[in-house]
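Peer 1: Sequence:
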Amino acid sequence: MLQGLDVPAGSWEADLLASRLTGYRESWLDELTLSGEVGWGRLYPSAGAFERSRPMSSLSRTAPLGLFLREDLGWLTRWSRVPEADTLGATAREIFDLLSEGGAQFAADLLKTTGALPDQLSGTLGELVRRGLVTCDTFSGIRQIVAGTASRRRHRGRKTRTRRPVGGSGRWSVWSRGGADQTDDTDESGQRQRAAEADALEQWAWQLLRRWGVVCRDLLRREPGAPKWWQLLSVFRRLEARGEIRGGRFVEGPSGEQFALGDTVRRLRQLRDGNGQGGGQPEILVISATDPLNLVGILTDGGRVPAVSQNRVALLDGRAVAAVTGGEIEWLEDLDDRTRELVEAELPAGSSSPSRRPVLTVESN
291 MLQGLDVPAG
301 SWEADLLASR
311 LTGYRESWLD
321 ELTLSGEVGW
331 GRLYPSAGAF
341 ERSRPMSSLS
351 RTAPLGLFLR
361 EDLGWLTRWS
371 RVPEADTLGA
381 TAREIFDLLS
391 EGGAQFAADL
401 LKTTGALPDQ
411 LSGTLGELVR
421 RGLVTCDTFS
431 GIRQIVAGTA
441 SRRRHRGRKT
451 RTRRPVGGSG
461 RWSVWSRGGA
471 DQTDDTDESG
481 QRQRAAEADA
491 LEQWAWQLLR
501 RWGVVCRDLL
511 RREPGAPKWW
521 QLLSVFRRLE
531 ARGEIRGGRF
541 VEGPSGEQFA
551 LGDTVRRLRQ
561 LRDGNGQGGG
571 QPEILVISAT
581 DPLNLVGILT
591 DGGRVPAVSQ
601 NRVALLDGRA
611 VAAVTGGEIE
621 WLEDLDDRTR
631 ELVEAELPAG
641 SSSPSRRPVL
651 TVESN
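Letter by letter, the sequence shown follows residues 291 to 655 in the numbering used here.
Derived by calculation from the structure, the hints in this document are not laboratory data. Keep in mind that a hint or two might mislead.
Stated by the list, open to error - Once the Cα atoms are required to be at most 20 Å apart in a straight line, the calculated DMTMM-like pairs of lysine to aspartate or glutamate come out as: (1) 518 with 530; (2) 518 with 489; (3) 518 with 508; (4) 402 with 391; (5) 402 with 387.
As the list claims (entries may be wrong) - Taking CB as the label site, the calculated pair distances span: (6) 496 with 395: 34 to 42 Å; (7) 489 with 596: 32 to 40 Å; (8) 618 with 562: 25 to 33 Å; (9) 560 with 588: 20 to 28 Å; (10) 374 with 395: 33 to 41 Å; (11) 518 with 293: 15 to 23 Å; (12) 542 with 628: 23 to 31 Å; (13) 359 with 518: 18 to 26 Å; (14) 359 with 563: 35 to 43 Å.
Model, not experiment: these values are computed from the prediction. Using N, Cα and C, we set each Cβ at its ideal position, and we do this for glycine too.
Work the whole structure out from these sequences, hints included.
Peer 2: Okay, structure coming up:
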């Protein structure tokens, strides 16, 4: 359950999908986006995205983008900031107006209409993507722009006659984000808006439960598009009263109320009672620091592991026990020598640090 999260563009396939889907192929995502089932774009642009944006600034691998089911876009973006086009550069404004007035267009058509150079068009599309204003009907569109940016940086200062494709093989368009209804102030309109908001709140509540298993206020630091905690709290309490979810204290560390799916509670108790190992080999998983599962410093005290694709977090039976930042290993939990060697073997080479951070432990309920 990764929809509704803005993640660095270069991490989606390299770090997230490839680690979750055996034998992942780029064509799978292209087929889903081309069919219209899945869409992509910057779901939750911050105010800083507009203030820092400048004409011809390229889209980098670190630019945040989200994947989503198109049918869910309305409630996913109901509380998100509306993208602004007022401060676009001249070329970006021209492209945006062409897409707004003429509908979806291939990159080749945009080149022909505007007379822009291929690299100029890539930079302009990158600016529009970063602001959350445009998307493409295949993921190859963003893949080509990100790859082209990296290639230009490697070959900066060199002359080349290579002709690179611009924006992949798909069509670019201004995308409708859904969100709150723009209707009149009649009683009927107000009722529709209240009903839509109630539905969006429940959709968000279930998505958070499916994504995390246990939901608490601190987790919303990982969810920039989610409603406020006080809005979700009434939904969770109602679901608990209906017996559909559990409320209580399931993990140690986060403060405040916690809510969980019944299956999650059972699994947590099994993990606690068996210590997650059952006397066998411990399960070690190394993830990118850009992965949403990097909750170091969010559900625990201490600093966070920066969400940079080169950084890594090692999970031992689900607990974060080590991190690699800047090529150095930092141990987050005291381990016996044998277990430490097993974890270290899975991490990139580096030097260790004696620092330690508290970890989550399962409480009885």
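Peer 1: Does each hint fit the structure? Answer for all of them.
Peer 2: Status of each hint after checking the structure:
At most 20 Å may separate the alpha-carbon atoms for a hinted pair to count; residue 518 and residue 530 meet this at roughly 19 Å. The straight-line distance between the Cα atoms of residue 518 and residue 489 is roughly 15 Å, inside the 20 Å bound, and the hint therefore holds. The hinted pair formed by residue 518 and residue 508 meets the criterion: a straight-line CA distance of about 11 Å does not exceed 20 Å. Among the hinted pairs, residue 402 with residue 391 is consistent with the structure: their alpha-carbon atoms are about 16 Å apart, no more than 20 Å.
Straight-line distance between C-alpha atoms of residue 402 and residue 387 comes to about 15 Å, which keeps the hinted pair within the 20 Å bound. Distance hint for residue 496 and residue 395: a CB-CB separation of about 37 Å, consistent with the stated range 34 to 42 Å. Distance hint check: the CB atoms of residue 489 and residue 596 are about 36 Å apart, consistent with the given range 32 to 40 Å. Checked against the hint of 25 to 33 Å, the C-beta distance between residue 618 and residue 562 comes to roughly 32 Å, which is consistent with it.
Taken as a hint, the range 20 to 28 Å holds for the pair residue 560 and residue 588, whose Cβ atoms sit roughly 24 Å apart. With their beta carbons about 22 Å apart, residue 374 and residue 395 fall outside the hinted range of 33 to 41 Å. In this structure the supplied range 15 to 23 Å holds for residue 518 paired with residue 293, their Cβ-Cβ distance being about 20 Å. At about 26 Å, the CB distance of residue 542 to residue 628 agrees with the hint of 23 to 31 Å.
Under the hint 18 to 26 Å, the C-beta atoms of residue 359 and residue 518, about 24 Å apart, fit the expected range. Taking the beta carbon of each, residue 359 and residue 563 are about 37 Å apart, inside 35 to 43 Å as hinted.
Violated hint for the displayed structure: number 10, the only one.
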